[in-house]
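Here are the chains, one letter per residue:
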Amino acid sequence: MEALRKAEENFVVLKAFNDLVLDVVSKDLCTKCGMCVSSCQVHAISMTDEGPKSVGPCRQCEACYYGCPRSPATSEELLKASLSSEKKDDILGSYNKIVSARTVLSEVKSVAQDGGVVTTLLIYALEEGLIDGGIVASKSTIEAWKPVPKVALSINDVLEAAGTKYSNCPSLVALKDALYGYDLSKVCVVGVPCQVTAARNVKVQPKAARKIGDKIAFIIGLFCMESFPHVKLAQFLTSNGIDIAKVSKFDIKEGKFRVYMGDAEVLSVPIRNLKDYANRFCETCRDLTSWYADVSVGAIGSGRDWSTVIVRSDEGAKLFDGAVQNGYLEVKDIESDGIESLRKIAKRKASKN
Amino acid sequence: MRLPSLIREVWANLLKKPATVKYPFEKLPLSKTYRGKHELMRDRCVGCGLCAKICPAFAITMRSVYGKVSPEVDLAKCIFCYQCEDVCPRGAIKRGKEYELASWSRNEMIVR
Ligand SMILES: Cc1cc2nc3c(=O)[nH]c(=O)nc-3n(C[C@H](O)[C@H](O)[C@H](O)COP(=O)(O)OP(=O)(O)OC[C@H]3O[C@@H](n4cnc5c(N)ncnc54)[C@H](O)[C@@H]3O)c2cc1C
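Just so you know, the sequences run in chain order A and B. Its first residue numbered 3, the first sequence is counted upward by one per residue in our numbering. Its first residue numbered 150, the second sequence is counted upward by one per residue in our numbering.
Mixed in with the good hints there might be a few duds.
BS3-like mimics (lysine-lysine), calculated; alpha carbons at most 27 Å apart, straight line [what the hints assert, rightly or not]: (1) A:Lys-205 to B:Lys-202; (2) B:Lys-186 to A:Lys-209; (3) A:Lys-178 to B:Lys-181; (4) B:Lys-202 to B:Lys-165; (5) A:Lys-188 to B:Lys-217; (6) A:Lys-217 to B:Lys-181; (7) A:Lys-217 to B:Lys-243; (8) A:Lys-205 to B:Lys-171.
Note that these hints are calculated values from the structure, not bench results.
Please take these sequences and the hints and turn them into a complete structure.
Dropping the structure here:
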């Protein structure tokens, strides 16, 4: 009896891929970020539109389970403790400073979503040799406006990936190509809050794939209210008589979802009309501003063609201040009502879900 | 005609510096990816056992020391393919630079 009790005490429950399926995928929590695919060292997971699928024998190393941003094992305390920021804020996350910024590069201005800060930071880091490559969401050449993961190795690649696609993208799958295919040792991850959480997870969570975390130099986070599955977005546009292949830009501003063809605005609907089209997994997310990024970038709070930038860590400061000092970006102080509206919207997301 | 050329050759080589290195006293620089003795980083290892499963030479065994499971590499069996490094999700196995691994006892051949 004593021996049995002892054996029970020593029994460790392994969190293998099937536990990930049970705890995350089957509960509709999976964000399809792609970290499980990159974490798996025996190539047993593959990403589909419906989520991760097992394609080989699991060796129970637990890396996928602990890297997952939505797994019950993800600890907010651990993630929070990893950021050395001065100001602690429950709604905007901890940060060092919030400013407005925009690019000075004309080739970025013409393709970027807002202030072009993300693209410019990537260009600066590539030119300066701070990174070997970036993980971005590029546009599919087969299906219009479908984001596909890409390893950006050159400035052309970065420019190609500029602009927001409002569908979820398994960007982090590209980490596998970057680290084992291209053998890069310093990469910058660009992603929405769920992907940022995953990228931070592999840096700080001891049981996650820390090998990947070692090679992530910077994490750039985007603000994100919600995303829409590509199929449903195309459906919504078709029901409004718009062919998604002809669209030149999507934008969400002032609570409206706007669609542009060429320079003309062809559709502007309140964002709440799209509620039924949004991803289910976004309903449980409370993070608007990418709490665990090094630098977070978004539109809310700054005027037209400017971006709001939240610098959260020392690495983030090194990247952002470097780009400013070398004349890649221009900055100005953010207006106080800008921070107010950002706080208001962030609070709405945090309390709604 | 052949003899003078041969003598010339011998004479030239006598004055040359030797092509070899005086090994124990002098060592060649190692390449960046040299595969020497393993460096196991205990603080990173969580004991998942992937390295032991992939090792083609069965050189790695998982041992429990004070309740913590971690790998032991038997250098007598190891073929230095470093698949264990490739497969370790936590980056707990590093390529070391030490290559003088001969020893008098089998016990000393085990990296713990
Ligand atoms: C799904 C989604 C929802 C968003 N919702 C809001 C919002 O509600 N409020 C707000 O202020 N901002 C939101 N943003 C962020 C905003 O659209 C801009 O991306 C941000 O302001 C950066 O602007 P920029 O000009 O610096 O970006 P750019 O220089 O144009 O670069 C954009 C970068 O984002 C990456 N990217 C684009 N689409 C995706 C994607 N689907 N997944 C991962 N990476 C992607 C690209 O790889 C590119 O590197 C959202 C972004 C996304 C992807």
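Practice problem: Tell me, in ascending order, the numbers of any earlier hints that this structure violates. | Solution: Failing hints, ascending: 4, 5 and 8.
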